[in-house]
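Q: Residues per chain, in single letters:
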Amino acid sequence: MKSRKRHLWLLFSLLPFALLVICFQILPLFTMVAESFRGDGGVGWGLDQYTKALTSKYYLIGLKNSLVISLCSSAVGIVVALFAAYSITRFSRRVRDFLLMLSNMTSNFSGVPLAFAYIIILGSNGLFTLLFKQLGWTTLASIDLFSWFGLVCVYVYFQVPLAILLLYPTYYGISEQWRESAALLGASTAQFWRFIGLPVILPGVVGTFSILFANAMGAYATAYALVGSNYNLIAIRIGALVAGDVAARPELAGALAVLLAITMVGAMLINEWMMRRVRRELG
Amino acid sequence: MKPNKAFHGSVATLVMFYLFVPLIATFLYSIATDWYRTILPEGYTLAWYQELFTDPRFLQALQRTLVVCLIAIFISVGVMVPTIFIVTVYFSKWDRVLQGLVMLPYAIPGVVAAVGLIKLYSSGPIVLSGSIWLLVGAYFVIVLPYMYQGIRNSMRTIDAIRLVEAAELLGASRMQAFWKVIFPNILTGIIVSTLLSFSTLFGEFVLANLLVGGHYETMQIYLIRRMEESGHLTSAIVVTYFILLFVLSGVVMRLGKSSKEGSR
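Same order as they appear, the protein sequences are chains G and A.
Just remember that the working numbering sits 5 ahead of the position in the first sequence, which is counted from 1.
Just remember that the working numbering sits 5 ahead of the position in the second sequence, which is counted from 1.
Be a bit skeptical, because a hint or two may be false.
Here are the simulated DSS-like pairs of lysine-lysine, each with C-alpha atoms no more than 27 Å apart in a straight line [claimed, not checked]:
hint	chain 1	residue 1	chain 2	residue 2
1	G	Lys10	A	Lys185
2	A	Lys185	A	Lys98
3	A	Lys98	G	Lys10
4	G	Lys57	G	Lys69
Computed footprint of chain A on chain G; a stretch qualifies when at least three of its residues, placed anywhere within it, have a C-beta under 8 Å from a C-beta of chain A [unchecked claim]:
hint	stretch
5	53-67
6	160-174
7	200-214
8	224-230
9	254-262
Covered by chain G, according to a simulated footprint, are these stretches of chain A (three or more residues, beta-carbon under 8 Å) [to be verified]:
hint	stretch
10	18-26
11	107-120
12	248-254
I should point out that these hints are in silico values taken from the structure, not numbers from a laboratory.
Ideal Cβ placement from N, Cα and C applies to all residues, glycine included.
Start from the sequences and build out the full structure, keeping to the hints where you can.
A: What follows is the structure, given as structure tokens:
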């Protein structure tokens, strides 16, 4: 009897957590999903908002822009990180820790401050823009930071340190003996990577790529700080629909948010699956 | 071997240079007098920092950010430490459920979270829209993964279940077992989680802007509004912000290292 009472008391102490999570996580998500199945102004039920989101040219372009920018920036980020992370593993422990610390530091540099820093270096009076002009490199000097290409440049910046931090551990799946044995059997460095190295790190690479992709899909602050609501990205559109200058349309915002959340959860699941494979191989 | 080393050295240097160029440029801009005609600044000054730290609007924004972040983190520590402790020690079957709940915010970006929060609290029984409590609630959710991982890991490292069993066998009550045995041992984990949460929330812009932007100017909102007016002042803010982050992450690394070494 006494132990049951104590049990109840313990359960009771979990209440604040349950309440907070329900109020600020579960209920809002539930509301968002429910809202996405309603008509405009919250009248009636149906798939109207999804048809609107998936047939309107405007939102489709926004979705496409987001997908393209996320894929491009993740691809560039991962290629840079493949080399950088491997190079980092080749240093002594002290240097390695130092380089990882620097990557960790710069991985915090995103959002509004990052957008601002890029305006300083690549904006119309930016440091590099001026430098390129004086050197007479007109193509480079005419990079428009507020264009699509400029946005990819900024996205790549916040992908690189994250990719380095995530990829770095997977290189430890390749043991030094394999390299030696491969070399003894007459394999060239290229052959080693083609047949042994890359297949071993591939799940880690795919997992990291999916995290980068999700990271870019959900990014809002960087693009918003650069061009406000003008750029047609799915995250920007959602923000504008719930708190923009025009009348709020929470139902349509809900549908777009559900679509965005589905792509992100999909990317996260791919990562989970890949990481399980990595762990199995390492273990 | 030699050319290989040169190759890795240059790759690492190049990437680190790439990562630090925006920071260095921002720093130079924040101490430059005029910088739009020449490659390097025409002169150097600390006037921007002086202007920034005497600007009441900046100080108020800083204060507002601190208020929201600290309330959210205070609630989070107060709620999460006992929750994780109770689930780990007494209801370990539910650990997976708890893990699923607290990791969810990783998959939900700020804009998506904002949609439901705005709709739910703009009408109906509880109206919170535009109030800082809505932001505090949202921030509580954002920091869940950081809090969970840090605190859960340190409980795992010290093997909390067995420690509690031992303490109870020796006649300690549950409260005593927690406060006298577990809490001092997981304190480093709690501090690391707190600092990580703080640096995440300090740089949070999306939810602040969408949920309370119009009424409550936090640091990040102040930053974006100032961007058009004075670039030098803005860069002084960015540099200040980054120094703060740098100090925080340095402390986190120190603590993380010492707690690992201590457990060996």
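Q: Does each hint hold? Answer for all of them.
A: Structure-based check of all given hints:
For the suggested pair Lys10 (chain G) and Lys185 (chain A), the alpha carbons sit about 23 Å apart, so the restraint of at most 27 Å is met. Under the criterion of a C-alpha separation no larger than 27 Å, the hint pairing Lys185 (chain A) with Lys98 (chain A) is consistent with the structure, at around 25 Å. Only pairs whose Cα atoms come within 27 Å are accepted, and Lys98 (chain A) paired with Lys10 (chain G) is accepted, the gap being roughly 20 Å. Restraint check for Lys57 (chain G) and Lys69 (chain G): satisfied, since their Cα atoms lie roughly 15 Å apart, inside the 27 Å limit.
For the stretch 53-67 of chain G, the proposed coverage by chain A is not satisfied: 0 residues have a C-beta within less than 8 Å of a C-beta in that chain, short of the threshold of three. Counting residues of the stretch 160-174 of chain G whose beta-carbon sits less than 8 Å from any beta-carbon of chain A gives 4, enough to reach three: the coverage restraint holds. Closer than 8 Å: that is the beta-carbon criterion, and the stretch 200-214 of chain G has 0 residues meeting it against chain A, so the requirement of 3 is violated. Only residues whose C-beta sits within less than 8 Å of a C-beta in chain A count toward coverage, and the stretch 224-230 of chain G has 5 of them, enough to reach three; the restraint holds.
With a cut-off of 8 Å between beta carbons, the stretch 254-262 of chain G has 4 residues touching chain A; three or more are needed, and the interface restraint holds. Proximity of the stretch 18-26 of chain A to chain G, defined as three or more residues with a beta carbon under 8 Å from a beta carbon of that chain, is established by the 6 residues found. Remark: the stretch 107-120 of chain A is confirmed as covered by chain G, as 12 of its residues place a Cβ nearer than 8 Å to a Cβ of that chain, reaching the required three. With 3 residues carrying a beta carbon less than 8 Å from a beta carbon of chain G, the stretch 248-254 of chain A meets the three-residue requirement, and the given coverage holds.
Hints 5 and 7 from the list above are not met by this structure, while the remaining hints are.
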